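Novice: Given next are the chains, with one letter for each unit.
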Amino acid sequence: MKGKSEGRTSGRGAWIGRVVPAFLAPVLALAALWAGFALIKEGWISGGFAAAFAAVWGVVGAALLYFVANWSVERLGPKVRAKALPFVFVGPALLVMAWYLAAPTVRTLALSFFDASSRGFAGLDNYAYVFTDRTMRIAFLNNLAWLVFGTGFSVLSGLAIAIMADRSRFERVAKSLVFLPMAISFVGAGVIWRFVYAYRPEGDAQVGLLNALVTAAGGAPVNWIVERPWNTLFLIVIFVWLQTGFAMVVLSAAIKGVPGELLEAARIDGASELRVVRSVLIPSILPSIVTVATTTLLLTLKVFDIVYAMTNGLYGTEVLASQQYKQMFKFLHYGRGSAIAIIILVAVTPMIWYNLRQFNKREAFS
Amino acid sequence: MSRVDERSPLPGADFEEAAAVSRLRRVSVRKVTGRLVLNAVLALVCAAWTLPTVGLLVTSFRDPDMVSRSGWWSAARDPKGLSLDNYRTVLAGQDWSYVDASGETVRLRGENMLGAFGNSLAVTIPSVLIPILVAAFAAYGFAWLKFPGRKMLFVGIVALLAVPLQIALIPILRDYQKAGLNGSFLGVWLAHTGFGLPLATYLFYNYISTLPRSILESAFIDGASHYTCFTRLILPLAMPALASFAIFQFLWVWNDLLVALVFLSGAGRTMEVLTQRLLALAGSRGQDWHLLTAGAFVSMLLPLAVFFGLQKHFVRGLLAGSVKG
Chain Y
716 MKGKSEGRTS
726 GRGAWIGRVV
736 PAFLAPVLAL
746 AALWAGFALI
756 KEGWISGGFA
766 AAFAAVWGVV
776 GAALLYFVAN
786 WSVERLGPKV
796 RAKALPFVFV
806 GPALLVMAWY
816 LAAPTVRTLA
826 LSFFDASSRG
836 FAGLDNYAYV
846 FTDRTMRIAF
856 LNNLAWLVFG
866 TGFSVLSGLA
876 IAIMADRSRF
886 ERVAKSLVFL
896 PMAISFVGAG
906 VIWRFVYAYR
916 PEGDAQVGLL
926 NALVTAAGGA
936 PVNWIVERPW
946 NTLFLIVIFV
956 WLQTGFAMVV
966 LSAAIKGVPG
976 ELLEAARIDG
986 ASELRVVRSV
996 LIPSILPSIV
1006 TVATTTLLLT
1016 LKVFDIVYAM
1026 TNGLYGTEVL
1036 ASQQYKQMFK
1046 FLHYGRGSAI
1056 AIIILVAVTP
1066 MIWYNLRQFN
1076 KREAFS
Chain X
156 MSRVDERSPL
166 PGADFEEAAA
176 VSRLRRVSVR
186 KVTGRLVLNA
196 VLALVCAAWT
206 LPTVGLLVTS
216 FRDPDMVSRS
226 GWWSAARDPK
236 GLSLDNYRTV
246 LAGQDWSYVD
256 ASGETVRLRG
266 ENMLGAFGNS
276 LAVTIPSVLI
286 PILVAAFAAY
296 GFAWLKFPGR
306 KMLFVGIVAL
316 LAVPLQIALI
326 PILRDYQKAG
336 LNGSFLGVWL
346 AHTGFGLPLA
356 TYLFYNYIST
366 LPRSILESAF
376 IDGASHYTCF
386 TRLILPLAMP
396 ALASFAIFQF
406 LWVWNDLLVA
416 LVFLSGAGRT
426 MEVLTQRLLA
436 LAGSRGQDWH
446 LLTAGAFVSM
456 LLPLAVFFGL
466 QKHFVRGLLA
476 GSVKG
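Chains as they are written, first to last, in the numbering used here: chain Y, 716 to 1081; chain X, 156 to 480.
Note that these hints are calculated values from the structure, not bench results.
As the structure is a computational prediction, the values presented were derived from the model and not from experiment.
It is possible that some hints are incorrect.
As the list claims (entries may be wrong) - So the derived label-pair ranges between C-beta atoms look like this:
| no. | chain 1 | residue 1 | chain 2 | residue 2 | range |
| --- | --- | --- | --- | --- | --- |
| 1 | X | A202 | Y | P998 | 29 to 37 Å |
| 2 | X | E172 | Y | Y1069 | 52 to 60 Å |
| 3 | X | R305 | Y | G867 | 38 to 46 Å |
| 4 | X | V192 | Y | L928 | 49 to 57 Å |
| 5 | X | G236 | Y | L1029 | 51 to 59 Å |
Unchecked claim - In silico PhoX-like links for lysine-lysine, alpha-carbon gap of 25 Å or less:
| no. | chain 1 | residue 1 | chain 2 | residue 2 |
| --- | --- | --- | --- | --- |
| 6 | X | K306 | Y | K794 |
| 7 | X | K467 | Y | K1076 |
| 8 | X | K333 | Y | K798 |
| 9 | Y | K1045 | X | K467 |
| 10 | X | K301 | Y | K971 |
| 11 | Y | K794 | X | K301 |
| 12 | X | K301 | Y | K1076 |
| 13 | X | K186 | Y | K971 |
| 14 | X | K186 | Y | K798 |
| 15 | Y | K1041 | X | K333 |
The beta carbon of each residue, even a glycine, is placed where N, CA and C say it ideally should be.
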């Protein structure tokens, strides 16, 4: 560290005075933060106050770490500073992402070749199980249904509503109402729809909306959630109810971007409104439709909350993510759980590849 | 059904003109009915979309006795049966009893949603603010600082955008068990930070890298360091991007079940967040609609307020690509 080019030649004393605190400060800051964590963890503070204290401690702590790291680097002379400063800025983000996403892909892959407790090597046993087990087969089929119908219905209804709203007299209200479920959790939506699907034996007063309609029309009440294989479809309806808003908003913005003259020209040529939509509007917003569809598709691949909250995978409604959770926590089989996670990852790799290609195409990164 | 023949009128003749007028009238009549049908269909769709939520809201105010005896749509017949009692029960979790249909007194122990509400806040606020801070620093670094491997590292972040969090559950759970982070707020914050960072960094980079470089250069001439530049200049300028992401991350974390189940369950029931508590309510007493509905509405209160208050930013975020992989 001879490279310090500062004018003062006050010698070793000043250098130590500068560098020692530079290394001491981060250590002290980390120790203080860890002490705060221990305080909460050991239950020294409890109740609502603990939650508030923890929240403040967490946010202030993170900000403090950056401040201290920068302060330390600033004390290290310009040459070292220029080298080290970028890592003060990007370092923490890279570390966290490496720990939580990059490393786990490799670690999970490794774990998927080991047995339940990850001690003995199991070869391809877990994959053999995943592809031959009966429940897993149901999970694959169901996930396929989620992928096709969940994505298809969400995008189609989103598109239809966006087009209708664009030509209606109450566009803003309509869009708000359809968009609203996006703010609701999958668990909350589960409660809402449990109530719609509620079933009482024939003869009792039906409190569920759907069965009330069915009995009013003279039919017998149906236990929607138990009726295989349709029950998966009824769960998908909940997903569609939640996700249509997303499709609608993005597609609606795309529709607004289509030049009005284009549509007008088709109308003057005598095309019917349906024809205008089909041959002019939809082709011009196709890129947005593809984006919405792939995003929704990713969601359906990972769907967990709705199944877990509505049926817990009973009555043949299992999907991949709920199976993974069960393998982890119910059967304590980390090997199989990891194998299922790898399968979900493989299923999304086309999307990863697509993202990278789009990024390279843009060449925004100089 | 092509109407191509209608659009080539021959010039001249009165007959032709009369035909054109009647055709115009026909077209406009069709147009008006079409418009009517469209509005009616859309109104119907909106009603169907809203009814489930309305049912929940109405039921949450109804007397438990009535809830099990008639559908929520008949609540208007008996407005006296509506009260805030269900909310009182669900929030405070006090003991509570009623006489059921067979004349027996039933005592129930209500779930305390208030504690779970506090936990949800304690989980959500840092899980929104920490990734924003970390990602903003990183985005600045990638946009304005030069270091080896800069492009490679950013490509890595883009690749992580679509990686499902399922991949991380088992390895991270094991790390947490070793480090004593399982069932702690810190563990959940870090997990949400990790899972939200690729998207946040990517969005912020897109925004920050388009800010004019001259702003920075004039600041450097005035002797500002990168740190001051970032905190004083770039952070305030990047507020729109930060706000959009904040809304998303807020809804995502507040409504999350999986991460809470995996990383918070270790602490027992004291640290349960709202989604977990609601699920417990649905599981243990799935037939107590009056409590379940009130509980569900309590859990939806804050997201709905955020949604209605900040809808414009929310939509802007959606259009900027704020959708997590």
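Novice: Enumerate the violated hints, using their earlier numbering and listing them in ascending order.
Specialist: 4, 5, 7, 8, 9, 10 and 14
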